[in-house]
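Enquirer: Listed below are the residues making up each chain.
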Amino acid sequence: MSNIMRRKKLDVWSLVTFIVLGLYVLFLIYPLFNLLAQSVVDKKTGAFTMAYFIKFFSKPYYFNTLLNSFKVTFAVTLLTVLLGTPLAYFFTRFEIRGKGFLRVLIILSSMSAPFIGAYSWILLLGRNGVITQFFRESMGIQFPSIYGFTGILVVLTLQLYPLIFLYITGALKNVDNSLLEAAENLGCSGFRRFRIIVIPLILPTLFAGGLLVFMRSLADFGTPMLIGEGFRTFPVTIFNEFISELGGDDGFAAAISIIAIIITTFIFLIQRYLSTRKTFTMNSMNKIRPIKATGLTKVLIHIYSYGLIGLSIMPQFYIFYTSFKKVNGTTFVPGYSFGSYATAFDRVGRAITNTLLIPGVSLVIIVFFAAFIAYITVRRRNVFTGIADTVSMVPYIIPGSVVGITLLIAFNKPPILLSGTMLIMVIGLVLRRLPYTIRSSVAVLQQIPLNIEEAAQSLGASKLKTFYKITMPMMAAGLVAGAILSWVTMISELATAILLYTGRTKTLTVEIYTQIIRGNYGIAAALSTILAVLTVTSLLIFNKISGSSEISM
Amino acid sequence: MSVNISVRNAVKRYGAVTIIPDLSIEIKDKEFFTLLGPSGCGKTTLLRMIAGFNTIEGGEFYFNETCINEMEVSKRNIGMVFQNYAIFPHYTVQQNVEFGLKNRRLSRDEIKNATREFLELMQIQEYHDRMPERLSGGQQQRVALARALVIKPDVLLMDEPLSNLDAKLRLEMRQAIRNLQKEVGITTVYVTHDQEEAMAISDRIAVMKDGVIQHVGTPQEIYHRPANIFVATFIGRTNLLNAHYSAANKSIQLDDFSFPMENIAASEEGPVVLSIRPEDFTMSKEDSGGIKSTITDSIFLGLNTHFMVALPGGQEIEIIHESVLDLDFKSGDRVYLTIKVDKINVFSEDGNRNLSRDV
Ligand SMILES: Nc1ncnc2c1ncn2[C@@H]1O[C@H](COP(=O)(O)OP(=O)(O)O)[C@@H](O)[C@H]1O
Ligand SMILES: [Mg+2]
Chain A
1 MSNIMRRKKL
11 DVWSLVTFIV
21 LGLYVLFLIY
31 PLFNLLAQSV
41 VDKKTGAFTM
51 AYFIKFFSKP
61 YYFNTLLNSF
71 KVTFAVTLLT
81 VLLGTPLAYF
91 FTRFEIRGKG
101 FLRVLIILSS
111 MSAPFIGAYS
121 WILLLGRNGV
131 ITQFFRESMG
141 IQFPSIYGFT
151 GILVVLTLQL
161 YPLIFLYITG
171 ALKNVDNSLL
181 EAAENLGCSG
191 FRRFRIIVIP
201 LILPTLFAGG
211 LLVFMRSLAD
221 FGTPMLIGEG
231 FRTFPVTIFN
241 EFISELGGDD
251 GFAAAISIIA
261 IIITTFIFLI
271 QRYLSTRKTF
281 TMNSMNKIRP
291 IKATGLTKVL
301 IHIYSYGLIG
311 LSIMPQFYIF
321 YTSFKKVNGT
331 TFVPGYSFGS
341 YATAFDRVGR
351 AITNTLLIPG
361 VSLVIIVFFA
371 AFIAYITVRR
381 RNVFTGIADT
391 VSMVPYIIPG
401 SVVGITLLIA
411 FNKPPILLSG
421 TMLIMVIGLV
431 LRRLPYTIRS
441 SVAVLQQIPL
451 NIEEAAQSLG
461 ASKLKTFYKI
471 TMPMMAAGLV
481 AGAILSWVTM
491 ISELATAILL
501 YTGRTKTLTV
511 EIYTQIIRGN
521 YGIAAALSTI
531 LAVLTVTSLL
541 IFNKISGSSE
551 ISM
Chain B
554 MSVNISVRNA
564 VKRYGAVTII
574 PDLSIEIKDK
584 EFFTLLGPSG
594 CGKTTLLRMI
604 AGFNTIEGGE
614 FYFNETCINE
624 MEVSKRNIGM
634 VFQNYAIFPH
644 YTVQQNVEFG
654 LKNRRLSRDE
664 IKNATREFLE
674 LMQIQEYHDR
684 MPERLSGGQQ
694 QRVALARALV
704 IKPDVLLMDE
714 PLSNLDAKLR
724 LEMRQAIRNL
734 QKEVGITTVY
744 VTHDQEEAMA
754 ISDRIAVMKD
764 GVIQHVGTPQ
774 EIYHRPANIF
784 VATFIGRTNL
794 LNAHYSAANK
804 SIQLDDFSFP
814 MENIAASEEG
824 PVVLSIRPED
834 FTMSKEDSGG
844 IKSTITDSIF
854 LGLNTHFMVA
864 LPGGQEIEII
874 HESVLDLDFK
884 SGDRVYLTIK
894 VDKINVFSED
904 GNRNLSRDV
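Chains as they are written, first to last, in this note's numbering: chain A, 1 to 553; chain B, 554 to 912.
By construction, these hints were calculated from the structure, which means they are not laboratory data.
Nothing here was measured: the structure is a model prediction, and the numbers come from that model.
Take these hints with a grain of salt, some might be off.
[Said to hold, decoys possible] Pulled from the structure, derived: some chain B residues nowhere near chain A, Cβ distances all over 10 Å:
no. : residue
1   : 611
2   : 631
3   : 636
4   : 657
5   : 778
6   : 878
7   : 902
8   : 908
[As the list claims (entries may be wrong)] List time: in silico DSS-like cross-link candidates among lysine-lysine, alpha-carbon distance up to 30 Å:
no. : chain 1 : residue 1 : chain 2 : residue 2
9   : A       : 99        : A       : 326
10  : A       : 55        : A       : 43
11  : A       : 173       : A       : 292
12  : A       : 173       : B       : 628
13  : A       : 44        : A       : 413
14  : B       : 845       : B       : 581
15  : A       : 287       : B       : 628
16  : A       : 71        : A       : 59
17  : B       : 583       : B       : 735
18  : B       : 655       : A       : 292
19  : A       : 287       : A       : 298
20  : A       : 287       : B       : 838
21  : B       : 721       : B       : 655
22  : B       : 762       : A       : 287
23  : A       : 292       : B       : 893
24  : A       : 59        : A       : 44
25  : B       : 705       : B       : 803
26  : B       : 665       : B       : 705
27  : B       : 803       : A       : 287
28  : A       : 99        : A       : 544
29  : A       : 43        : A       : 99
30  : B       : 845       : B       : 735
31  : B       : 838       : A       : 173
32  : B       : 628       : A       : 298
33  : A       : 287       : A       : 413
34  : B       : 838       : B       : 896
35  : B       : 628       : B       : 721
The C-beta atom is built at its ideal place from N, Cα and C for all residues, glycine as well.
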């Protein structure tokens with residue numbers, strides 16, 4: 001009844017829906033169609049052509065990058081699942097010494113930009129890395145090369161397994177302890193129970209986490225750029241083609257982008273299909289409580305946890321350490337100083353303010369949009385809000401560099417000339433991060449009973465007033481917590497920024513990347529440390545606000 | 554197989570907190586034994602010690618002559634029904650029921666036949682292909698029971714198995730569980746905080762409070778001759794009245810009123826507490842030697858009507874009277890009360906001891 005009446009009247013939420021849809025049409029749909037058009041139109045003649053696609057698939061030079069990307073991405077996804085799932089199970093099921101501290105390290109190791117990890121591993125295990133040199137000179141042992149496939153695999157795995165860990169930890173919270181007890185009671189325990197009871201229950205989450213790792217790994221640009229050397233992946237090719245042909249022929253870059261989108265969409269749909277078929281509703285009354293492990297189990301669990309987490313946090317500590325080393329030109333020399341910091345602050349210009357400003361502005365927009373979109377999709381279900389919901393999720397499957405290219409191609413000429421502005425960078429970040437924040441806002445909103453809003457309206461509050469007086473404040477803690485995580489991801493974002501920045505809008509990650517490329521490792525280390533401090537501070541605030549160390553992506 | 558359970562001086566601690574200080578019970582073979590007590594008194598804790606999910610800080614647990622303190626959960630041969638059923642959501646009804654059998658490496662035919670037998674016994678054969686989320690609460694409950702019993706356990710443990718069902722289903726399942734237990738003939742330990750449920754279902758009940766057993770007995774014993782005031786008030790409704798016992802006259806003095814009381818052990822003399830259930834008063838308008846009292850309020854509840862009555866000394870009591878069409882008791886009426894003396898219980902002043910001789 002009330003639904004019908006609601007639909008007839010155009011209220012403030014209809015207006016919001018249309019504004020949201022309008023903005024998405026302008027900043028997402030139009031650029032994507034524009035991209036598609038560019039990829040199939042010959043610039044000189046204006047005629048339809050499949051030449052760009054044919055070029056990509058007929059030349060092994062290009063096509064192989066696609067295969068490379070798949071190889072490394074599948075390997076990373078598999079490895080993160082194999083490493084992250086047991087860790088999450090151990091953390092849930094057993095008492096582990098220093099668990100809280102370890103959890104912090106896991107989160108920290110996942111929160112930095114992957115390319116910084118890559119660069120640190122080069123300093124440690126590269127041709128002239130400290131560990132490589134140590135073994136070569138003192139024992140004559142030659143380490144296998146860290147460059148290429150291995151390097152990307154190591155860096156991305158250690159960077160991304162925390163996502164699996166966080167996802168699975170979350171899923172295990174919904175597994176009722178009595179299921180484990182019932183299994184044990186019926187004669188099934190230990191690893192067998194993990195395999196036939198626990199794994200099937202967390203499978204949907206495993207798929208979701210796997211998808212996230214897959215997308216991140218496939219789209220990562222900085223890591224293969226630094227440590228890949230001859231092993232060229234897809235995002236590297238997109239970047240190179242676009243940069244080298246900028247101002248000339250965008251068509252080829254557009255075509256590669258389209259291929260990328262088609263592939264990720266495909267992967268996304270497969271994941272969807274697999275996990276919707278295997279979802280169970282569970283209500284956990286008794287959470288799994290950690291028990292004391294004994295004997296060999298205890299030793300092995302501790303070795304595994306400390307080993308893995310130690311390995312993944314090591315690059316960050318090493319960067320931190322080198323930031324205090326003395327530098328002569330571009331090489332480290334014995335002794336310690338704050339020289340790198342001095343030079344860094346000297347040269348960094350507006351990078352730090354930009355890093356606060358651009359993600360800051362984006363964040364405000366994201367929070368409001370996420371709240372609005374979550375609200376209309378949860379509380380005002382209809383065709384249009386359904387479309388808004390779907391469209392808002394589209395950027396989730398578009399690699400960061402493709403978002404950058406899409407926006408650049410669309411807005412590098414009048415009537416809408418945005419390239420080189422701060423606005424285009426903000427749009428890029430907002431588009432990319434909104435899907436995550438909307439999902440978490442939806443989850444928060446679904447916890448709030450509808451009749452609280454009805455009560456407010458029955459007491460005379462208007463719809464808008466109900467929203468900002470009642471709903472928003474109730475969502476606030478969840479929204480802010482989600483926002484801080486978005487913030488942390490945005491300040492370490494590289495793939496989009498590297499395409500969209502100009503001298504005036506350079507961010508910290510872009511600056512760090514540039515310094516690494518130029519060989520200024522001291523400065524890069526100092527800037528990375530500053531970025532890390534920013535991240536840690538934000539996470540501390542997150543903890544304070546959300547009142548827990550629970551983090552979901 | 555016949556199994557009696559014997560718990561001797563069990564102790565349970567969580568860190569520095571002692572939940573069960575020293576508890577002993579004997580549960581007989583094929584008995585339906587219920588642990589009854591208010592929430593938080595340690596029923597679940599004790600049950601899980603028997604099942605093997607909780608550590609044991611002291612004492613011994615025996616199945617017949619075997620001490621099970623150190624025995625692994627999966628070796629105890631226990632059927633367990635969890636409060637939320639703990640049905641594996643990724644298995645069908647049939648797969649859930651088969652699960653325990655498969656872990657016992659039985660032959661395919663044995664598994665099939667036993668599963669069929671219990672699906673039929675629990676009347677869930679027609680749902681055998683369903684996923685659990687498509688079952689109602691009562692059906693899930695039946696799956697849980699079938700799964701627990703199909704392994705032919707020595708002992709069946711149930712922790713508030715009916716608490717997630719609606720009132721009507723609760724009555725139905727209560728009867729089903731009772732019948733099933735008798736049919737299978739299995740020693741059963743059942744946990745509940747619902748005294749009515751406990752009375753309806755059990756052979757014997759142990760009433761617990763703060764980790765200590767207050768009274769063990771049949772439902773009738775516990776209702777009619779509760780061991781102490783806690784049991785008297787926890788089971789059913791009762792009126793507690795301060796009175797005085799005179800050993801010389803073998804009589805009880807309640808305010809100005811006195812009546813003979815033969816049924817009291819030995820020479821207790823002095824203040825006592827009477828526990829008189831609301832149905833053990835009779836009210837009359839005529840003065841035939843009853844306590845002169847005043848009705849202060851009445852509540853009509855269909856079958857019965859409850860009256861609040863003020864005694865001459867000021868104490869308030871509740872009386873239950875069967876409703877009849879032309880009942881002419883109403884607020885403010887003067888009435889005379891008589892007591893069914895043989896049914897009342899007399900407790901020591903501190904409430905810890907029932908002084909009746911036949912306890
Ligand atoms: N794992 C535990 N750690 C600490 N205290 C517990 C734990 N489990 C139960 N308790 C405490 O033990 C007491 C008895 O709990 P329980 O046996 O669940 O009560 P019941 O089942 O009778 O309601 C409660 O005070 C509860 O808080
Ligand atoms: Mg309990």
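Enquirer: For every hint, state whether the structure bears it out.
Expert: Against the structure, the hints:
no., hint, result
1, 611, "19 Å, holds"
2, 631, "6 Å, violated"
3, 636, "7 Å, violated"
4, 657, "6 Å, violated"
5, 778, "37 Å, holds"
6, 878, "44 Å, holds"
7, 902, "42 Å, holds"
8, 908, "43 Å, holds"
9, A:99 x A:326, "35 Å, violated"
10, A:55 x A:43, "15 Å, holds"
11, A:173 x A:292, "18 Å, holds"
12, A:173 x B:628, "28 Å, holds"
13, A:44 x A:413, "17 Å, holds"
14, B:845 x B:581, "49 Å, violated"
15, A:287 x B:628, "24 Å, holds"
16, A:71 x A:59, "19 Å, holds"
17, B:583 x B:735, "8 Å, holds"
18, B:655 x A:292, "29 Å, holds"
19, A:287 x A:298, "21 Å, holds"
20, A:287 x B:838, "60 Å, violated"
21, B:721 x B:655, "35 Å, violated"
22, B:762 x A:287, "26 Å, holds"
23, A:292 x B:893, "58 Å, violated"
24, A:59 x A:44, "23 Å, holds"
25, B:705 x B:803, "55 Å, violated"
26, B:665 x B:705, "14 Å, holds"
27, B:803 x A:287, "58 Å, violated"
28, A:99 x A:544, "19 Å, holds"
29, A:43 x A:99, "59 Å, violated"
30, B:845 x B:735, "50 Å, violated"
31, B:838 x A:173, "65 Å, violated"
32, B:628 x A:298, "23 Å, holds"
33, A:287 x A:413, "57 Å, violated"
34, B:838 x B:896, "23 Å, holds"
35, B:628 x B:721, "37 Å, violated"
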